[in-house]
Structures are given as structure tokens and as C-alpha cells.
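> As a plain string of letters, each chain reads:
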Amino acid sequence: MDTNAVYQSPSVDEIKTLLTEKFEGKVEVYKTETRRVYATLPRECVHDVCSYIHRNLTFEHISTVIGVDMVDYLQVVYQITNYYTGVMIELTTDIPNDDLHVTSISDIWVGGNWHERETYELFGIIFDGHPKLERLLTPDTYEFFPFRKSYKLRGQE
Amino acid sequence: MDMSLYPHAVAMSADEFMTWSSAMINDLLSAGTKKTVDKLTGPIWSWAMKNSMHPLHWGLACCALEMAAASAPRFDAERYGMIYRSSPRQTDILLVNGWISKKIRPEIRRLYEQIPNPKWVVAMGECAISGGPWYDSYNTVQGLDQIVPVDVYIPGCPARPDAMIDGFMLLQKKIDDYFRRGVFLED
Chain A
1 MDTNAVYQSP SVDEIKTLLT EKFEGKVEVY KTETRRVYAT LPRECVHDVC SYIHRNLTFE
61 HISTVIGVDM VDYLQVVYQI TNYYTGVMIE LTTDIPNDDL HVTSISDIWV GGNWHERETY
121 ELFGIIFDGH PKLERLLTPD TYEFFPFRKS YKLRGQE
Chain B
1 MDMSLYPHAV AMSADEFMTW SSAMINDLLS AGTKKTVDKL TGPIWSWAMK NSMHPLHWGL
61 ACCALEMAAA SAPRFDAERY GMIYRSSPRQ TDILLVNGWI SKKIRPEIRR LYEQIPNPKW
121 VVAMGECAIS GGPWYDSYNT VQGLDQIVPV DVYIPGCPAR PDAMIDGFML LQKKIDDYFR
181 RGVFLED
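Top to bottom, those sequences are chains A and B. Using the working numbering, you'd call the opening residue of the first sequence number 1 and step up by one each time. Using the working numbering, you'd call the opening residue of the second sequence number 1 and step up by one each time.
Quick caveat, the hints were computed from the structure, so don't treat them as lab data. Don't be surprised by glycine CBs; every beta carbon is placed ideally from N, CA and C. Please note that a few of the clues may not be correct.
[Said to hold, decoys possible] Listed below are several chain A residues computed to face chain B (Cβ distance under 7 Å; list not exhaustive): (1) T138; (2) P139; (3) P146; (4) L153.
Turn these sequences into a full structure, and let the hints steer you where they fit.
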């Protein structure tokens, strides 16, 4: 398939083929379901893949950007949706505990701005290139990240 | 002497009135000027304040919908003189209805300080009482009474409008007690 063409409403199979051909050896589509595409990718090419999905696959909405604490490493999960076909692409990227950096995608989808701020305040993941990476709903004086596994409440062991 | 009916007319005969009035005058004169003024004006203040409770119109969370329902025609809390004002300087009751995130803590204290004396605080709903469902949360204050002194707690999740009206009737009694104690010109 022509990986540089613009597709208005690509199907799940087309998305799988396009992503694996365009980013060969980087993006791995490990599962597809009805209107769902699941893929993993290294964190260096998050911005490239996202701008390709935005421009060439015409996905216009970022549903969420969340973090996952896997104790040994952290994950950032992007869920990108298409309003017209209802297809959702889920991108998962691993980031090591000692270098919590990933490129911001808030210049591609402006809605990612607050998602990334929230992920920052809850997990401490730093999004490079974000215009205003500050705490969103917790006070600025907090020195911990409450959604990490290492953060304990009073009632927990 | 029973001063509870003082500003109102009391039906009594001329003899009874002579006894009552001379007893009252003796009582007042022996009590000192400040206490006399307090005793005379306390019931008036009480009557005025408890029948015109002005809570701060400040909906924090879902209990604010019950607050709105209490003002709506079915329950009509304005019967009790409850009129919501938007500025804390025009109110005398701080009605906190909802969870208190740690970021809004200084603003609640500031609103409380801005309300002119005498003032009362009502905690409505489980969240404002003790944190409720957000017990032990990283971002929720565990009860309003950790920030400001609270007069009346209205339980419920959310508190129904009739529970809220009941709480405000209790607050009316509290306002009444407060003024009958004579607090304006304490020695």
C-alpha cells in the first residue's frame, strides 16, 4: 500500500498494514479486534507515529494519554480514535524507571495537553516539548506522584 | 423574669402589668447597662437573623444539586428565609456541600474569614463531614472541621433537601440560643 497517501477512513486491516510498513521494525501491531488496533512502539518514534496517524490516517481525536506503573518500568498508553469510523488505535510504549521522558504529542492533538499534564502529576512522567508541564489538580507543593506503586496510603502495608 | 416574649405584646391585666413592668425595670437596672441592652435586643437580633439566613451560594459538588432542589418550588427553602448570596460579605452561613480537595483548602478558609461576624458553618454531605467515599485519599481533606469550626453536620450521600431543611431548622435553634445568651455587648 502507498504509505504516503492520505486515507480518509482506513479499515483496521489497512491501519495494521500501513503502520507496519511505514515503521518497519519499530511499530508492532500485536492484536486487532473489531474497530480496535493495539500496537507497541519504542518511545523514540512516538511523535513520528502520532503525526503519521494524525495526518495520513486522519485520526482527529486523542481519547486519553495514561501511564501504567509496571514496577520495573513505566508505560505510556495512547488511545487515538477516529470519529467517523469509530476505530481506536492503542499505542503502548515502555519507558525505563531511571529516564522518565517521552516526547509530547500536544502539538499534534491539542487535547493531549491536559492528558499529559495529568499523567505527569500522577506518575511523574516528563513530556518533552509540552508547553506547560505543571500539576493540574493536585497542589504545587506535592513532592510525590500518587499513582505510582511506590506511593502508599495510610491503610496500606 | 421571662423575657422571651419581650418585644411582643403580652395580654395581661393592669395589675399584672404593674407587677411585671416594675419587676422588669428593677431587674434591668440591677444588671448593668450592657447586659440590659443585650437582654432587650437579643430576641430582636435572633428573630431577625434566624428568619433571614443567607448562605453562601457556593456549589462545590453533587450536594449542590440538592441545595438547588431545596430552593425549588417543591421544598422551597426560602420559606425559612434562606436566600443564597454570591458574595461572602453578604452572607452569614458558609454552606460547604461536597468534597474538599487539598487545592481548595486555602480558599475555603479565606471565604470563612470574609464572612462578617456572627457566622455559622454547615457541613453538608458525607464528603464535607469526614471525607466520605474519599477516605484516606491523596487529594481530599478528611472533613471540613479540619479547616474551619463547624456548627451543623447534615449527613447523607447526598443529603436530601428535607434533610438539609431539617439541618437549617436546627441551625435556627442554634442562632436563637446564641443571641439569647447576649453576645453583642459582653462585659
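> Decide, hint by hint, whether the structure agrees.
Here's how the hints hold up against the structure:
1. For the restraint placing T138(A) at the interface with chain B, the shortest Cβ-Cβ distance is roughly 6 Å, inside the 7 Å limit, so the hint holds.
2. Taking 7 Å as the C-beta contact cut-off toward chain B, the hint placing P139(A) at the interface holds, the least distance being around 5 Å.
3. Satisfaction of the interface hint for P146(A) is found here, the shortest Cβ-Cβ separation to chain B being roughly 4 Å, below the 7 Å cut-off.
4. Proximity of L153(A) to chain B holds as hinted, the smallest CB-CB distance being about 5 Å (cut-off 7 Å).
In the structure shown, no violation is registered for any of the earlier numbered hints.
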